[in-house]
Structures are given as structure tokens and as C-alpha cells.
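J.: Read off the chains here:
4 protein chains.
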Amino acid sequence: MMTPNPTLPRDDPAAFDPNRDIGRLLVSCPDRPGIVAAVSRFLFEQGANIVHSDQHSTDPTGGMFFMRVEFQLPDLERRREKLERAFGPVAETFGMSWRFSYAARIKRLALFVSKAEHALFELLWRQRAGDLRAKIAMVISNHADLKKTVASWRIPFHHVPVDRERKAEAEAKQIALMTGKVDAVVLARYMQILTPGFIAHYPNRIINIHHSFLPAFAGADPYAKAYERGVKLVGATAHYVTEQLDAGPIIEQDLQRVDHRHSIEELKRIGKYIERTVLARAVSCHVEDRILVHENKTVVFA
Amino acid sequence: MMTPNPTLPRDDPAAFDPNRDIGRLLVSCPDRPGIVAAVSRFLFEQGANIVHSDQHSTDPTGGMFFMRVEFQLPDLERRREKLERAFGPVAETFGMSWRFSYAARIKRLALFVSKAEHALFELLWRQRAGDLRAKIAMVISNHADLKKTVASWRIPFHHVPVDRERKAEAEAKQIALMTGKVDAVVLARYMQILTPGFIAHYPNRIINIHHSFLPAFAGADPYAKAYERGVKLVGATAHYVTEQLDAGPIIEQDLQRVDHRHSIEELKRIGKYIERTVLARAVSCHVEDRILVHENKTVVFA
Amino acid sequence: MMTPNPTLPRDDPAAFDPNRDIGRLLVSCPDRPGIVAAVSRFLFEQGANIVHSDQHSTDPTGGMFFMRVEFQLPDLERRREKLERAFGPVAETFGMSWRFSYAARIKRLALFVSKAEHALFELLWRQRAGDLRAKIAMVISNHADLKKTVASWRIPFHHVPVDRERKAEAEAKQIALMTGKVDAVVLARYMQILTPGFIAHYPNRIINIHHSFLPAFAGADPYAKAYERGVKLVGATAHYVTEQLDAGPIIEQDLQRVDHRHSIEELKRIGKYIERTVLARAVSCHVEDRILVHENKTVVFA
Amino acid sequence: MMTPNPTLPRDDPAAFDPNRDIGRLLVSCPDRPGIVAAVSRFLFEQGANIVHSDQHSTDPTGGMFFMRVEFQLPDLERRREKLERAFGPVAETFGMSWRFSYAARIKRLALFVSKAEHALFELLWRQRAGDLRAKIAMVISNHADLKKTVASWRIPFHHVPVDRERKAEAEAKQIALMTGKVDAVVLARYMQILTPGFIAHYPNRIINIHHSFLPAFAGADPYAKAYERGVKLVGATAHYVTEQLDAGPIIEQDLQRVDHRHSIEELKRIGKYIERTVLARAVSCHVEDRILVHENKTVVFA
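Protein chains in written order, with my numbering: chain A, 5 to 306; chain B, 5 to 306; chain C, 5 to 306; chain D, 5 to 306.
Here chain A stands alone, though its shape is the one from the complex:
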């Protein structure tokens, strides 16, 4: 069962936010007749106007049902708790997992990086341009290289070196830095593997990006292997991190055509530009509450 987000302190005054009265309800449950009717009647009775609504059913007979409703409800912030309480009985009737979220409560992100800056930069730039509706709460890195760059954006930078022998310590430090300040973690080319313990702190809240090829080239130096096989497409995959390395639910993918004229270096460069775009799109979907995870698969509402 998903639980409503805890009340979070915000440093952005919601006073003039056009999103002030926009709420989102995400629901998943076994499919059966009457779910949409019940949810929309509930919102109607609460005085909410449905702005967007998207549903998905894997199979109307015995499958799973997923729903995302975006609604407008005057004075939403004040009525938040009452709304969530009132939804309880509806949810119970259908055995729903559910959560409400609030556009005004902008998600706070920790960006994890190593030395590469392209994915980090893209997120910073989109956030500043108003296209990524999130707060970059901090950047955490196992290297100090990007400290100055991050500082110029006036974002806290934490250098947490990761020693293979003492990874648990490093992760404890990272978690301490984030506690109460971060809603989701973005691995923006962070070249360390997280432990199951760390991952358990942020279930379906850690987003990773990695290259991807047709076919897959596992192990070290994938671009060299892809080059040797003469791939015609270079791509990237963004996914939620689970205990199974790089096998979590896929959020977004894209790729670009290449040919024999591209050197390994050029394949890497092209991959870099795809990575930054795919990761940024995935993070946008996450912070706009467009993603429901069921088993090892995402439903990403448009």
C-alpha cells in the first residue's frame, strides 16, 4: 500500500504558484467495474475539477488497473488532509494502492555524480529554465571535480568519497545528508553501485541512466564492443534502481542512428547527448508524478 507523502517543509512560498490548487491522485488495484466511476464521483463530491485523467488496464478481466488523475481543488493545501482521509473508504472498497501528491510541493532531488558533468548540467539547466519542476536540493559526489561548477549554481555540493572497503559508511553519510531534505535520488552518471540497504531507503525513488545497445553488450567497455559489432543505433535507458543491477523498471529510452564512420570516441559522445536527454525526461516524469510501478514495469502517463 502506498502511503500519502509526509508533510514536508518547503522553502518555496506557494503564494503565487499557478500550481497551487493542482493535486494528483495515483491509484493501482485489481481491475473490476466501477473504479473510474467511484474515483471521479469522489473527486466531484469533494468539489474538485478533473483536469487530466488517464487510465490503463492490463486486462479488464483479472488484470491490474492504473489511474492518474490531475485535478484542481480550490484551497487545496488547507483541505489536503481531509481529502486524503475521505478517500480511505473508496480505496478500501477496491483494494487500492494510492497516493495523492500536490503540484505545489515541488519534489526535492539529490543528484549523485562522479566526474562526468553532462547529465548533471542538463538537469541544472532544465531546472533553471523552468522545464524541470523540481528543486535540486544537493549534489553528492564521490569525487571533488565538479565542486566548483556546482557551487556556481549556488547548490550545496557534498564530497563523499566511496572506499570499496567502507561503502556502508559512505552510504550512511549520504543518507544522513539527505534525510528530511530529499524526495528522490538521481544518479546522473554516478559510477558507484549502491547497496541493497541504500536502495531500500528510496524504493522507486532512485533513477539511473545507462547506455544501451542492440544487442546488449554486458561488462566492461560496452562502446568498444558495440563498435566491433558495428551497431547502427546507440541509445540510453533510464530506470528505477532495484537490487538487481540495471534491471529495474524502465522509465524512458531513446537512441540515435550511427554508422561505420563513427569511432568509439564519437559513439561515446553521441551516447552522452542521448543520456542527458533520456535522464532529464525520466526525472521530469517522476517529479510530475506520472509514473506508477507495478512488479518490474512502469506505467508512465503522458
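Any given hint might turn out to be false.
Identical chains share a label here; the pair holds if one copy fits it or two copies do between them.
Simulated pairs of lysine to aspartate or glutamate, EDC-like, Cα-Cα distance not exceeding 16 Å [stated by the list, open to error]:
| hint | residue 1 | residue 2 |
| --- | --- | --- |
| 1 | Lys229 | Glu299 |
| 2 | Lys86 | Glu49 |
| 3 | Lys86 | Glu299 |
| 4 | Lys276 | Glu126 |
| 5 | Lys301 | Asp263 |
| 6 | Lys272 | Glu96 |
| 7 | Lys276 | Glu299 |
| 8 | Lys272 | Asp135 |
| 9 | Lys301 | Glu232 |
| 10 | Lys276 | Glu121 |
| 11 | Lys152 | Asp263 |
Please keep in mind that the hints were generated in silico from the structure rather than gathered at the bench.
Model the placement of chains B, C and D on the given structure of chain A, informed by the hints.
T.: What follows is chains B, C and D alone, placed relative to chain A:
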């Protein structure tokens, strides 16, 4: 106001159709709170299970609201009329344009062609492969060239020459051939301009395909003009035919990269393959009742 | 060392072929200065005009050099042998692998199919439309299902059942059917694995198509696995067949976006349309002599 | 006739540049036999090794021939003048327009901007990342808004207000700022129309980016028009600026799928991200000397 489809005789026995009990309701009306709730409650009360539901609102305050619901209702064929009657009051409350359609009542198409066969062929093949859920009721052409090809598919072929001076006569003949047998017209590279009189017989039921370029090259020999400007993309646009030539609501578009190495002939060949795909996708959307037209724009539900 | 194609009997009179005097020279050798100069001087001295020329070097210092030249030489058919003989010393100087080919000598294909018709159909249609410059010499299948379809195209159809215990016999029969009549084999969704013995008869002349995903899903039922992981892209890969199953040099790849709304059936349908296009493009590249294979990689000249 | 670039002072010491000995020769002339042979023989005799070579002929009989050769010649900087002099007679024989360029002589760009920062930012970032091999010599703007941003990159920023009545004065000032310091001008969302006089100073050296749609929507507020027509693709076109507004030779184009769910604001946002990528790719092609212009068309070598 959209009116429900008239009862149409069908030569496909619906007996074992997996789509037998699948209905679709398409609705458009001024947006206001409660529409989704009312529609889903209505369907629930009728005993229908919503399989897919997609909505779109241009603006929750004063905008237009569009909705497509696919539902399963046992014994749908028999309950069809009662269902449509019962929906009347709901529709009236919200000032809805609406129509029900029935997956078992497969749409009947007339394909209009001239000499080019690529778009025709794609539709025939997709229909036979089960990927275009339509009946190709007839092919009508102003030339006799494709008669033999069409005959080999056991589809009626009508050669209706079009004389510029006597176009009205030709169109009257075409309409006579189609009356009671055709639900929509597909211009599969039909090189004649239809008169407003003809178009009025099939409002938002005539689909055309034409090349498209960035920027646009109007008038004769667009491929030559595109070549001379050195375009890097060649595309195609499928749209509903309105009185304004090639300016009707766009249904689907796609394109492909080209470069200076492509001759005019090659651009045309590439355009041909895009055209067949874009047209086929547009026709699929139409026959699956995924398209709502408002003003000069389509809402195409996935 | 590539050897020139043997003289092949042709049933297409070259008399009025616009390609009559078009030849192609494909060369690969260790890179070093002077190769292009030597080749172009040779052609110039022979009276040939270079129409297209494309080169590729993996590394000017110690890498491999690849070249494709398309040229026009009046009365080419008659001068063919002399031309090839004259090139010998040039090739020897640079340690070249090389082959001449002649646009007028249209490549003859055997299409191998099982039950699926989409890839077969696309090739037949493109060939008839003049877009695939090949002769479909025969269709060979381990099933009889497509016999009638193929017959309607007036192309010889050979039903060669493949018994797992007696595959060698079946392959011997296939090879006997093709000997002297076929230049390349296209596996157009042929659901049998070829033995190394068969493959050795057509080195870099057997083209296969298979689905491909990011990441790869090996083994049975890849579409179901891709669905369960929630892939956002569905693709296909065409490659030359080598002894290593599905690991031969990639010729062409493409893919299409999908999302959670696509059922396994729909993913398969989308995959089907990508397969037919990717295979057709790969076969076109092959029959137009645009592909050089080096180690496990193709150079595909535009 | 293209003339060789004047000798330009450079502040980047070429000492350790891996591109130090890389030269490029671009040629266009009426096609006829022997051009490639003559050029490659010339380079061979000069001791140069051809690294890449790409040709294009619009028609071997009476068409135009285009060629780009990238070569390696030890001690190139010192032998530059001699090389260019020696090529004169070869060029004359074939009536060539030609130019040599030198990878070590990095092109210097002036970026023209107004208030939007996305295109500027992309170019700055790619340059810093080493992916745009150019020097950003200065930024010129008709507004002061981006002054601080540019300053943080330690790049000279010149605020040159443009008064409609006194545009000539403003342009004179711009040209004065650039003289001797700039090889090409990039209009990175510069919202002023340049006069023919200005354009004449930089023939085929001014690159502009603008949105593009299928079909085209001319005049004010193109995104609103595109929205009202319900376009399914949003794109951007980069081109050289000529006297004919937005009708110069196209360098690069790209686009992205959209649907009815995208508001005008979202179409603009998507357009923004395509613009930055398309412009960056076009500028890369320019500074790597990959573009030949003939009449109103580009040949863009890969």
C-alpha cells in the same frame, strides 16, 4: 451534434468475434466538473466495464472536453439501442456531442486510387494481416490500371473516369456506388480534387495523404523544389478532407532523414514508403474510433 | 581475397537497362597513402567516369581502408574481363581484397520463409515496385503455407520440410535447388537454425532479421519478457549469418517507441512492421553492393 | 571562386593539438572524368595521406561535382602556403571553386542572441565539453539580459541595442566588433532581421535557427497556428542566412512527435530543445568544414 450510427447490415457474422461485446463512446463538450463521473457512472449502471478511457481537456476553465471510453458490455448488440437512448439525458445535461460505436460493426471503406499502388497495397495487406480492422468494400479509380491487382484480392473495383468538365457526374456515380456500403473514404493517392458537394457527404470521413516538407513547397513538383532547397527531412501528412484543399485536420504525420545524396527520384521513393505507413496508421485510428475532430484539429486517442 | 563474381547466365536482357554501363569496385586493404589516387587513376585510364565514391578508414596509421566506387564505363559488359585483369597489379601493390560487380547483373535471391508472410511480402512488393533491384529466384520454405501466395507472384516455391534429425538432408536439398541460380539467401522470418556447413556455402551472403530490444531478452518469448520489463522501444536487427547464432555483422537496425499501453500482441505487431522495413533495407544494401564486411563488422556505404 | 582563408592570428598554441597536421580540401566544379584521380594524385605527391574523402555528383554527365578530403600532412602549418599555391593549376584544369582549411585553425564564432538562452547555452556547453571545435570569440546581443550569464563563462559580451530606425548604425557597430576576430556568425535565437549589407559581409557564414512545421505556418505566432491545426510533429531548421528571409540553404533539421495533449506552451518548450540540438549540429558541421553550398542547397559531408 453527432448522431449515433444508423443500423448497418453486415456480412461478417459477429458470432465468434472477440470484439463482439466491445463498445466505444466518444464525447465532446464544454469542460466543467462532473463529466467523467457522470459518464462512468452511467456505464457502470448499465453493467459495462470500462476497458480503456482517455480524456483530454483544452482548459478546465472554459475549454473543451473530449473523451473516449472503450467498454465491455455482455450482449452488447442486443442492448445497443436501449443503451444509446439511455445516454440521451446524460448527454443533454452537459451539452455533449457524442456517438457510440461498436467494435463488431467493422467499418467499411472505399479506397480511391489513381495509378500509384503503394498506398492501396499497404491497406490491402494490413487488412488481410488482421492489423487494419476494416472491411475494404470497394476500390474506385479514375484509371483502369489497378483493376487486375485489385481483382486478385477479390475486392470490387470500379473504374469511374473523371472528366474535368463533368466531375459532378463522376462524383454522383461514385456516391451511388458507395451508398449503403461504405462508412469512410480513403484517398490512397487519388489524384483528383473532390468538390465540396462530395465532401459534404462524408464529413470527417474522407482521409487523404500527401507529402510534406519543412518548409512547405506549394504547387507543382514539390519534390523538385525540396531537392533544390536541400531539405534534410522528407515526410507525409494524413488528414481529413475539408473544403480547404489539404488544410483539413491532421491525423498523423511522419518523416525520414535524407541528405544531399538523394536524387529527386530517391526522395520520391522515400516519400512513397512514408506515405503508405502514415496513411495506414491514420486509417487504423479512424476505424478504431480513436479520432475526435473539433474545429480544425483532431484529438487522436492512443 | 575476394574473387570476382563468376560469369552468371541471366534471363534479363540487359539491352535497354539504364544500369548497363554501371560498375562497382569494392576494395579493402591496410590503409596507407596513395590508395585512392591509384584506384581513381586506374579507372580514369580505363576510360571510366566515377559516379559515386566513398571511402572509410578506421585509422590512417595502421588501420583498415575500405572503398566503394561506382563508375560508368561505356560498353562495360564486353570490357569486364579485361578490366578485372588490369586491376590485378593495382590490387597486389596494396594487398587489396577486392571485387567488381555490375549493376546490370542483377543479384538473384532465394527467400527462405516459414509461416509468417510479412517480410516475404515486403520484399516481393519492393521488387515489383522497382525499389529492390534484385531477382527473386525462388522461395524455399519448411512449411507449405505460403505456397499459394508465392505462386500468385509467379515465383518458384519449394517446400523443403526440415526434420530435426535429418537437417543435413534438407539443407543439401536446399543447396541443390539454389546451385547456379542464387547469389544470396534472405531469411525472411525462417524459423530454422542453419548449420555451419550451409553457412559456409554463402559467406556474408545470408541475411537474417530478428527482433531486438534494449536491453536484450535472450531465449524464448522475448516479447513477453520485454513487456514485463516495460520497454519503451521495440526494434529489429538485420545481420549476416555466421556460425555464431544471431551474432554476425549487423547491416541495419531500426526501432519504434512503445509504451505501457501496448499489449504483448501489439508489441509483436509493431515488431513485425519494423522487421519488414529493416530487412528490406538490408537486402537493398546487399544487392547494390554497398556492404563490405571486415572481421565482425559491416561498412555500409550510402 | 572560393578563395583560401586569409592567415588568421590564433591565440590557441597549436603545439600539442592532435589536429595539428590535419587539413581539409573542399572542391566544387562541373563533373567530368578524372577529378578524383587528379585531386588524390596531387595530395599523394605532396606527401599527404587521405584520412577521409567524400564526393558527391549531382549527375556524372553535365552535373556538379563536390568533394571534401581530409588529409594528414606532416608539418602542415609550415607547408600551407606552398600547398595552396601548388593546387592552383589542378583547380584551373577543372574550373574548380576550392578552399583549403586547417583543423588547427579553430573557427572563431560570434554568437548573436536576444533574450532566450537555450541555444546560447547549448553552444557554450558543447564548446567547453570539447564537442564543438570552435572558439566562442564573443556574444553580441540587442538586449543586456544575458550579460551576466555570458560573463560567468569569461566570454566577451557586447550589448548593441538595435533601433529600427538606425539599424545600419547598429550593424556597423557589430561588424566593427567582429572584424579580424570572427570567422562565422551564429544567430542563436537573435530576434532581429539582418540587412543585406550585413549578410554580404559573411556569405554562407551566418547560421540561423528557426522552428519548422508540417505544413508551414508563416507569420506571427506559428506555434499557435500549429496548435490549432493539430500538428503531430514539431521541428527546427538550421540554415545559412541569405537575403531571402529564412529561405537560405538548409544545413540541418530535426523534429519530435507531439499530440493533442501538448499545449501551445509545451509545443514551444519542445521546440526549444529541438532548436538547440539542430543549431549545435549545424554549427559543428560548419566549423569542421563539412558544408559546401551550391546555388541554394548544401552538401553536408558526414
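J.: Determine for every hint whether it applies to the structure shown.
T.: Evaluation of the provided hints:
1. Taking CA atoms no more than 16 Å apart as the test, lysine 229 paired with glutamate 299 passes between copies only; the shortest distance there is 13 Å, against 31 Å inside one copy.
2. In this assembly of identical chains, lysine 86 and glutamate 49 lie within 16 Å of each other by CA distance solely inside one copy; the values are 13 Å within and 29 Å between copies.
3. With identical chains, the CA atoms of lysine 86 and glutamate 299 are never at most 16 Å apart, being 31 Å at best within one copy and 41 Å at best between copies.
4. Both within a single protomer and between protomers do lysine 276 and glutamate 126 lie at most 16 Å apart by alpha-carbon distance, with minima of 11 Å and 14 Å respectively.
5. When the C-alpha separation of lysine 301 and aspartate 263 is checked against a cutoff of 16 Å, the pair qualifies only between copies, where the shortest distance is 11 Å, while the shortest distance within a copy is 32 Å.
6. Taking the shortest Cα distances, lysine 272 and glutamate 96 never come within 16 Å of each other, neither inside one copy (50 Å) nor across copies (37 Å).
7. With identical chains, the CA atoms of lysine 276 and glutamate 299 are never at most 16 Å apart, being 30 Å at best within one copy and 27 Å at best between copies.
8. In the homo-oligomer, the alpha carbons of lysine 272 and aspartate 135 lie at most 16 Å apart only across protomers (11 Å), although the nearest pairing inside one protomer, at 26 Å, exceeds that limit.
9. In this homomeric assembly, lysine 301 and glutamate 232 come within 16 Å of each other (Cα to Cα) only across copies, at 6 Å, whereas the closest approach inside a single copy is 32 Å.
10. Taking identical chains as interchangeable, the C-alpha atoms of lysine 276 and glutamate 121 lie at most 16 Å apart only when both belong to the same chain, with a minimum of 10 Å there against 21 Å between chains.
11. With identical chains, the CA atoms of lysine 152 and aspartate 263 are never at most 16 Å apart, being 37 Å at best within one copy and 39 Å at best between copies.
Violation of the numbered hints given earlier is confined to hints 3, 6, 7, 11; the remaining hints are satisfied by the structure.
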